[in-house]
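Spelled out, the chains give:
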Amino acid sequence: MTDAQTAQDQVQQTEANCFHCGERISPGFRAELKIHDEHRPFCCYGCLAIAETIVTGGLDNFYSHRTELARKPSDFDESQIAELKLYDDPELQQEFVFSEEQDGSTCQQAALSISGITCAACIWLLEQEVNRLEGVVSFSVNHTSHKAQLVWRQDQTPLSAILIDIRKLGYQGLPYHEDQVKAQLHKERRSALFRIAVAGIATMQNMMFSVPLYLGVYSGIDSDFLSLFRWVSLLMSLPVVGFAALPFFRAAIRALKIRQLNMDVPVSLAILGAFAASAYITMFTTASLESDVYFDSVAMFTFFLLLGRYLEMQTRHRHLNSDAEMSELLPATATRVSDIEQQEEQSIPAHKIRTDDLLLIRQGQIAPADGVLIEGESQFDESALTGEYLPVLKSVNAEIHAGTANVENTVIIRVTAPPKHSRVAAIVRLLDNAHATKPRTVELADSLASYFVAFVLCAAALSGLYWSLTDPNHAFAIVLAVLVVTCPCALSLATPTALTAANTALRRKGFLITKAHVLEALSETDDLIFDKTGTLTEGKLELYETNIYGRYNEGQALAIAAALEAHSSHPIAKVFLPFQSIKAKNVRSELGKGICGQVNGRDYWLGTYDYAVKQSANDEANAKKHFTPHAGHGIYLGDGRQILARFLLKDKVRQDAKEVVKQLQKTGMEVHILSGDHEFSVRHTALELGIKTFAAGESPSEKLDYVKALQAAGRNVTMVGDGINDLPVLSGARLSIAMGGASDLTKLNSDAILLNENLSALATAFITSRHGRTIIKQNIAWALLYNLAMLPLAAVGAVPPYFAALGMSLSSLIVVFNSLRLKKR
Amino acid sequence: MEILYILIPVSLILVALAIAIFGWAVKSGQYDDLEGPAHSILYDDDADMIPGKDNASSGKSSGNTKPKQE
Numbered sequence: 001m002t003d004a005q006t007a008q009d010q011v012q013q014t015e016a017n018c019f020h021c022g023e024r025i026s027p028g029f030r031a032e033l034k035i036h037d038e039h040r041p042f043c044c045y046g047c048l049a050i051a052e053t054i055v056t057g058g059l060d061n062f063y064s065h066r067t068e069l070a071r072k073p074s075d076f077d078e079s080q081i082a083e084l085k086l087y088d089d090p091e092l093q094q095e096f097v098f099s100e101e102q103d104g105s106t107c108q109q110a111a112l113s114i115s116g117i118t119c120a121a122c123i124w125l126l127e128q129e130v131n132r133l134e135g136v137v138s139f140s141v142n143h144t145s146h147k148a149q150l151v152w153r154q155d156q157t158p159l160s161a162i163l164i165d166i167r168k169l170g171y172q173g174l175p176y177h178e179d180q181v182k183a184q185l186h187k188e189r190r191s192a193l194f195r196i197a198v199a200g201i202a203t204m205q206n207m208m209f210s211v212p213l214y215l216g217v218y219s220g221i222d223s224d225f226l227s228l229f230r231w232v233s234l235l236m237s238l239p240v241v242g243f244a245a246l247p248f249f250r251a252a253i254r255a256l257k258i259r260q261l262n263m264d265v266p267v268s269l270a271i272l273g274a275f276a277a278s279a280y281i282t283m284f285t286t287a288s289l290e291s292d293v294y295f296d297s298v299a300m301f302t303f304f305l306l307l308g309r310y311l312e313m314q315t316r317h318r319h320l321n322s323d324a325e326m327s328e329l330l331p332a333t334a335t336r337v338s339d340i341e342q343q344e345e346q347s348i349p350a351h352k353i354r355t356d357d358l359l360l361i362r363q364g365q366i367a368p369a370d371g372v373l374i375e376g377e378s379q380f381d382e383s384a385l386t387g388e389y390l391p392v393l394k395s396v397n398a399e400i401h402a403g404t405a406n407v408e409n410t411v412i413i414r415v416t417a418p419p420k421h422s423r424v425a426a427i428v429r430l431l432d433n434a435h436a437t438k439p440r441t442v443e444l445a446d447s448l449a450s451y452f453v454a455f456v457l458c459a460a461a462l463s464g465l466y467w468s469l470t471d472p473n474h475a476f477a478i479v480l481a482v483l484v485v486t487c488p489c490a491l492s493l494a495t496p497t498a499l500t501a502a503n504t505a506l507r508r509k510g511f512l513i514t515k516a517h518v519l520e521a522l523s524e525t526d527d528l529i530f531d532k533t534g535t536l537t538e539g540k541l542e543l544y545e546t547n548i549y550g551r552y553n554e555g556q557a558l559a560i561a562a563a564l565e566a567h568s569s570h571p572i573a574k575v576f577l578p579f580q581s582i583k584a585k586n587v588r589s590e591l592g593k594g595i596c597g598q599v600n601g602r603d604y605w606l607g608t609y610d611y612a613v614k615q616s617a618n619d620e621a622n623a624k625k626h627f628t629p630h631a632g633h634g635i636y637l638g639d640g641r642q643i644l645a646r647f648l649l650k651d652k653v654r655q656d657a658k659e660v661v662k663q664l665q666k667t668g669m670e671v672h673i674l675s676g677d678h679e680f681s682v683r684h685t686a687l688e689l690g691i692k693t694f695a696a697g698e699s700p701s702e703k704l705d706y707v708k709a710l711q712a713a714g715r716n717v718t719m720v721g722d723g724i725n726d727l728p729v730l731s732g733a734r735l736s737i738a739m740g741g742a743s744d745l746t747k748l749n750s751d752a753i754l755l756n757e758n759l760s761a762l763a764t765a766f767i768t769s770r771h772g773r774t775i776i777k778q779n780i781a782w783a784l785l786y787n788l789a790m791l792p793l794a795a796v797g798a799v800p801p802y803f804a805a806l807g808m809s810l811s812s813l814i815v816v817f818n819s820l821r822l823k824k825r
Numbered sequence: 001m002e003i004l005y006i007l008i009p010v011s012l013i014l015v016a017l018a019i020a021i022f023g024w025a026v027k028s029g030q031y032d033d034l035e036g037p038a039h040s041i042l043y044d045d046d047a048d049m050i051p052g053k054d055n056a057s058s059g060k061s062s063g064n065t066k067p068k069q070e
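Here the protein sequences line up with chains L and A, keeping their order. With the numbering used here applied, the first sequence covers 1 to 825. With the numbering used here applied, the second sequence covers 1 to 70.
No lab work stands behind these hints, which were simulated from the structure alone. Note that the structure is a prediction, hence the values are computed from the model and not measured. The beta carbon of each residue, even a glycine, is placed where N, CA and C say it ideally should be. Misleading hints may appear alongside valid ones.
[Unchecked claim] Just so you have them, the derived chain A footprint on chain L, three or more residues with Cβ under 8 Å:
id, region
1, 142-150
2, 191-198
[Claimed, not checked] Cross-link-like lysine to aspartate or glutamate pairs, in silico, EDC-like; alpha carbons within 16 Å at most:
id, chain 1, residue 1, chain 2, residue 2
3, A, K27, L, E188
4, L, K187, A, E2
5, L, K352, L, D89
6, L, K509, L, E698
7, L, K187, A, D33
8, L, K652, L, E688
9, L, K85, L, E100
[To be verified] Covered by chain L, per the in silico footprint, the following chain A stretches (three or more residues, Cβ under 8 Å):
id, region
10, 1-8
11, 15-29
12, 35-42
Produce the entire structure from the sequences given, and follow the hints as far as they go.
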């Protein structure tokens with residue numbers, strides 16, 4: 001290969017992103033596969049393996065069907081296969097597998113929850129692949145809940161084979177556990193749908209009977225038919241008022257009970273008022289065209305509001321693959337041993353773990369419960385809890401937390417708290433408390449609504465009083481006219497329509513809003529706090545510099561290091577994975593120091609500086625002069641006489657982080673870093689990004705205190721985070737934004753999600769939020785203006801019914817069109 | 001026009017029936033997945049059913065089914 005070619009290749013390599021997951025490919029790494037007659041690059045062997053599985057299975061259409069990139073797969077090795085095999089245990093299966101008779105033979109049925117699904121093509125891929133397996137009778141995945149129904153023949157295929165197959169495609173299938181929250185969400189969705197249908201069908205029927213009434217005004221109508229149409233409309237509106245609109249009434253009563261007026265109060269008032277007025281006219285007055293009925297408006301108003309709330313609910317539920325929660329953090333199985341000596345092993349389901357049980361935790365496994373280490377020594381990856389990506393050394397008597405992964409040696413722990421009471425569970429409890437103390441955001445429309453409702457009620461009462469003194473015959477009709485004319489349709493549509501439009505616009509840019517107050521809170525933010533790891537940085541180590549001090553060139557040094565690290569499961573080892581080309585022998589690792597072994601007949605030491613030069617004859621002080629101080633982690637390679645190479649590893653700052661931070665600071669908000677990391681690396685990142693305020697080494701509860709202190713000082717705080725450890729602080733902040741790669745539990749509890757991990761969407765969100773707020777204000781101003789202008793006219797009895805109906809629709813339409821302007825941006 | 005006195009009650013019964021059927025459909029889970037069917041119809045899974053294509057010989061696991069470009 002000529003030099004020119006090599007250079008060209010390198011350009012392509014550095015600019016290329018992984019075909020499967022879209023991640024940037026680290027320079028020097030090369031893995032390709034021919035798909036659709038084109039050579040596609042991949043970022044790691046994991047992605048490549050999945051693509052190979054897909055292509056050899058003839059399912060390469062997945063890549064043309066998909067609309068989102070796939071998620072980067074986590075490691076899959078022997079230990080995970082062994083873990084999945086545990087699901088073949090009949091005792092474990094008792095909980096989620098049911099047998100049934102089908103076509104004369106026994107089939108097993110199980111519900112699985114699948115994680116890693118990013119778009120509809122993923123589901124297509126899964127269904128195609130799994131249904132092809134021998135012994136699988138049927139397999140289908142729900143697009144909304146990502147819950148799969150599997151029917152298969154156990155005597156032909158074990159469950160683990162199916163789970164492994166799913167895993168090979170880059171997804172994770174685990175037994176589905178129905179809990180209360182999920183059951184509640186499920187019920188909520190179904191009943192909302194049914195209410196919409198009732199209101200919708202009633203609206204259509206009402207329209208049918210209203211048109212003759214409208215036409216009757218001009219062409220005349222027989223009073224018998226007039227009366228008939230009104231009675232039928234009344235009948236059709238009953239299910240709307242008595243069933244479909246119930247959620248509004250309930251919310252209004254709840255608000256009144258705590259002496260507050262929210263938007264549901266005027267909505268309920270409008271529905272009930274218009275219905276009561278129309279019913280009164282229908283039942284107690286002789287049918288004439290002078291008085292009008294509003295049954296069609298009642299039904300339509302309810303229908304549109306229900307539809308709006310349903311769409312809002314859908315966006316909220318969409319990104320909670322409610323499956324995961326605890327089950328993704330804690331393993332479903334554990335290995336119990338009788339005592340340290342005999343090590344009689346027994347697989348048990350996690351919920352059967354009791355205090356004082358002895359559990360065996362192998363390399364690569366996750367601790368299923370809190371405990372104290374009693375045998376062995378190893379390093380534990382606590383990143384799920386603390387966000388710290390380097391493992392922590394644990395020896396006898398050290399505390400092991402549930403949810404942390406063992407990266408090195410097999411150890412035995414004595415359980416101190418079963419999974420339910422473990423530290424992960426404790427964080428979840430802390431979260432509940434934080435929720436309770438979260439500053440309540442009173443929505444603009446809600447606070448206005450309180451005044452408005454109070455005003456309308458006073459006006460209606462006053463006009464009623466006046467008319468009952470002067471003309472008692474018309475008093476009731478006029479009071480009702482006031483209530484109907486001031487029906488706050490436009491007012492109640494003002495916020496939801498603007499929110500929906502802003503949601504759509506932001507979603508296209510990768511910013512997903514899940515709660516109603518986000519737009520307002522975003523535009524008012526004074527303090528923006530980032531958790532460093534995973535938000536401003538990419539949250540994983542990367543090789544960014546190699547210094548050579550000996551006789552080897554960069555490639556050779558990397559190959560030697562990779563050969564040694566191939567025997568380690570330490571997170572640092574992954575950095576060297578792409579450079580593997582030769583094999584190492586007699587590899588020994590020394591806990592917390594490094595790894596040594598033979599490559600091509602020579603001994604090498606790789607690890608901390610002291611470890612690598614232990615055998616060195618060089619003067620240590622002299623050698624240290626060579627090595628300039630640096631941020632990040634230095635890994636040294638020595639050959640027994642001298643240092644050969646230094647590899648600098650760093651958690652890289654995201655490409656767009658600096659630009660975004662600058663933009664945000666320009667809008668006048670204070671940007672903070674609040675991290676659990678060491679002071680040194682936090683300071684370095686802060687300096688690099690131009691952030692002046694930062695705090696390092698903070699525990700989850702300290703972070704929460706930090707935010708609470710700011711909020712107590714009257715600041716509006718927005719928090720961006722991604723780890724489980726950020727959960728309490730995310731819930732404590734007025735507005736919380738989770739990164740797209742965050743755990744489901746974190747996403748579930750945050751107000752907005754930054755999809756695609758694209759920080760620039762954050763800046764866009766702040767701009768759009770300000771614009772959206774302006775639109776909401778315009779909407780509300782218009783709605784109030786219209787209603788206030790009509791109120792005196794209605795109070796003096798000067799508004800003809802058809803004009804009231806027309807005006808109501810027109811003012812609502814104006815609000816809707818004004819909101820749609822947001823979408824165009 | 002007196003026919004309306006019969007037709008309207010009939011329509012009301014039909015409406016009640018429609019709502020009841022919809023309620024049953026929701027309860028039995030037919031509306032739990034509102035997105036799936038919209039997508040599944042767009043997948044071209046029929047490459048091996050179209051006669052005269054070169055992949056007819058190797059069947060559905062051929063791996064060289066031509067994707068629809070754009």
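*Is it true that the CA of K187/L sits at most 16 Å from the CA of D33/A?*
Answer holds: K187/L to D33/A is near 14 Å, not above 16 Å.
*Check whether three or more residues of the region 191-198 of chain L sit with their beta carbon closer than 8 Å to a beta carbon of chain A.*
Holds: 4 residues of the region 191-198 of chain L have a Cβ under 8 Å from chain A.
*8 Å C-beta criterion, at least three residues: is the region 35-42 of chain A covered by chain L*: That given contact holds, which follows from 5 residues of the region 35-42 of chain A lying within Cβ reach (below 8 Å) of chain L.
*Is K27/A within 16 Å of E188/L, Cα to Cα?*
holds, 12 Å
*Do three or more residues of the region 1-8 of chain A come closer than 8 Å to chain L, measuring C-beta to C-beta?*
holds (count 4)
*Does the structure keep K509/L and E698/L at a Cα separation of 16 Å or less?*
Violated: K509/L and E698/L sit about 32 Å apart, past 16 Å.
*Within a Cα-Cα threshold of 16 Å, do K352/L and D89/L meet the stated pairing?*
holds, 14 Å
*CA of K652/L to CA of E688/L, is that 16 Å or under?*
With a Cα-Cα distance of about 11 Å, the restraint between K652/L and E688/L holds, given a limit of 16 Å.
*Sort out whether E100/L lies within 16 Å of K85/L, counting only the CA atoms.*
Violated, at roughly 23 Å.
*If you draw a straight line from the CA of K187/L to the CA of E2/A, is it 16 Å or shorter?*
violated, 44 Å
*Has the region 142-150 of chain L got at least three residues whose CB is nearer than 8 Å to a CB belonging to chain A?*
With 4 residues closer than 8 Å to chain A, the region 142-150 of chain L meets the three-residue bar; holds.
*Given coverage of the region 15-29 of chain A by chain L, tested with a Cβ cutoff of 8 Å and a minimum of 3 residues*: It holds: at least three residues are needed, and the region 15-29 of chain A offers 7 whose Cβ sits within less than 8 Å of chain L.
Of the numbered hints stated above, those contradicted by the structure are hints 4, 6 and 9, listed in ascending order.
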